[in-house]
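Q: With chain A held as given, fit chain B onto it using these hints.
Protein chains: 2
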Amino acid sequence: MKGSGDKSVQGTAAGLEDLLTLNMVEGLGVTLLSRLLERFGSPEAILAASRRELEEVEGVGSALSRNISKARKQIDARAQMKSAEKFAVKIITAASDDYPKPLRRIFDPPLVLYVKGEYKEEDALAMAIVGSRRASYYGKNQAERLAGSLAKMGFTIVSGMAWGIDSAAHRGALAAGGRTIAVLGSGLANPYPKGNEKLLAEIVENGAAISEFPLNFPPRPENFPRRNRLISGLCLGVVVVEAAERSGSLITARWAMEQGREVFAVPGPIDSTTSRGTHRLIKDGAKLVERVEDVIEELGPLAEVLTPVPQEEKPGARGLKPEEEKILEVLSPSEPKSIEDIIAETGLTAQAASSVLMVLELRKLVKQLAGKRFVKA
Amino acid sequence: MKGSGDKSVQGTAAGLEDLLTLNMVEGLGVTLLSRLLERFGSPEAILAASRRELEEVEGVGSALSRNISKARKQIDARAQMKSAEKFAVKIITAASDDYPKPLRRIFDPPLVLYVKGEYKEEDALAMAIVGSRRASYYGKNQAERLAGSLAKMGFTIVSGMAWGIDSAAHRGALAAGGRTIAVLGSGLANPYPKGNEKLLAEIVENGAAISEFPLNFPPRPENFPRRNRLISGLCLGVVVVEAAERSGSLITARWAMEQGREVFAVPGPIDSTTSRGTHRLIKDGAKLVERVEDVIEELGPLAEVLTPVPQEEKPGARGLKPEEEKILEVLSPSEPKSIEDIIAETGLTAQAASSVLMVLELRKLVKQLAGKRFVKA
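Note that the protein sequences, when read in sequence, are chains A and B. Here the first sequence is numbered in our numbering, starting from 1272 and rising by one per residue. Here the second sequence is numbered in our numbering, starting from 1272 and rising by one per residue.
Bound conformation, chain A alone:
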């Protein structure tokens, strides 16, 4: 079962079971797991490797090699699969067509996702709205309002289901009849925070709850920065509504920048500690957001998808950013190109190419074929 990481984690029953097993190994994160897959070719081969072989891989110490070699005995992946069925949770691997496309573009996409509810293709048109747990009345109000306006325009609202801004964002999307996705920092059978089950149930009915952690995984503090990369990774941009000076939301904003997504921040009173973080973001270049138009404007050509274009105009003929023109110039309808080729021919950075391709795909100007190859649509 030698092959690329993608092929090796394909949804065969045994392959999935082994991958789930590895996903439950204590201390084995996405980066290391990807490195092991590259070296050994498949989850099965990793689990069959000797501890010495495992430790030859950079970053694998003796504690981890022991955990991996014991994994098949100690970890019951079948029970996890049954449990998932019971909780109505789908397990989606990176090889699946159901895997969220925007996540494929980030540096370290999770190899396994647990999804309760449904992730739809249209959810690629997503905006994250995040912020402080200890939010002000003002902040919660604005989060709800912005989420509602964006949801009405067709955006899926992604957040972390924390108290405060996150919950307000989910609620705003739901109240507007829109779709919303919660990315959790714990397993879906052990949702965090406790007491937010009613909101979670509504989110699942009108979108999805997503986690990369095994079903009963506890909400360890170190999960949340990792979780935040998925919040930004699922979206075209992140709106930070309120944030204290040291805040998890600022981590989400940093992820967004690294992933080539837009960063927006809502200002507030300068004597409010929960606006310190958003003011810092604005000073550092985040776009100041008062109204939904501020978001749409920044997304540029994508906004045209959302606003009707006069019939006589060729769609996409106007308002293309230079990077978008560059990519369209090197693509043809008949000759699929890999992202590496596109990067080489356009001179764009990997991040830029990746996010521009996502926008072009959403605009139906570019089509992605199997094996992450692109053609003009």
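Just so you know, these hints were derived from the structure itself, not from any lab. Where hints are given, some of them may not hold.
The list treats identical chains as interchangeable, and a pair is accepted whether it falls inside one copy or across any two copies.
To be verified - Taking lysine to any residue pairs in the SDA-like style, the calculated list, with each CA pair at most 20 Å apart, reads:
id : residue 1 : residue 2
1  : K1372     : I1610
2  : K1635     : S1333
3  : K1372     : R1310
4  : K1558     : R1547
5  : K1597     : G1571
6  : K1554     : E1533
7  : K1372     : A1623
8  : K1353     : A1395
9  : K1341     : F1358
10 : K1554     : D1565
11 : K1341     : P1593
12 : K1558     : E1516
13 : K1558     : S1340
14 : K1341     : G1330
15 : K1353     : R1405
16 : K1341     : E1324
17 : K1558     : L1570
A: Below, chain B without anything else, positioned relative to chain A:
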């Protein structure tokens, strides 16, 4: 009495009387008056010119030429001078050493200033704080606080004495024991707004009230945009605290940009109409201000004047901006250079050269000699 504008308006009794007369002619603004001075050489010669000669000057129509030719009969400049004495108002011409230095650098400095109180050399270290008349409690609070902090650092606070933010800024400076200057949009014997006399008296005792309008000139709406160019022109920068979407404060900010001064804006709640204007400014590139440090930081090397420099370091040896280095490179202690020479040799714009020279003068790295010529200090 042929000569440059500067020489021609020198403080001889007759010259001053004629200049005051011209300054009171209906419809004769600074730009046109400067043009007439350039053509005729002196106030006296302008007043003696025929209507036909006057109308040869671009922008002088028949109504204005009539007003000028009748001016000596109809306008009593001596009464104005007596009245000034009675009101304890000094009349300062552009030729006087007491004329505010920062104003010399703007495009259209007033040729006559009425000053009640005292304009000191140290007032060149000034910051304008302006904003809405219909300000919120939040806005007034922030204006007062920022004015107080800046005043304590040695800044003179300049504003327009309007209700709301302006008055709060003056009060903040006064409460901190600092200096403050009100630039009025009416004559000093007819101060606007009515009812603010107590504040005006305090300002005059701890700074100055300044106007370019004759003593009893009414507060016509069209005076205020002109007045605003003096508010920014007296300062290193303008802090807009609160402003509606169409607001006089935004005019002051625009003047500041045109004059090469810094523009700062205080954010606020996005559902507050009085923060619309400041958010617009931030979107357009104004520096977001939460604390006085945000202002100091932006002023760069000037901040070093305000914060103690370790003894062993040569003052000015560090933190110079590239434009400042450029100007210092082309100057020597012995060979005075005009601003035109400096512009030609450095390649800086007139605006940049002018504002950088102002900063360098304040830092005592550059000295201005007679005839607007500069040497290294």
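Q: Quick check: which numbered hints come out false for this structure?
A: 2, 3, 8, 9, 11, 13 and 15
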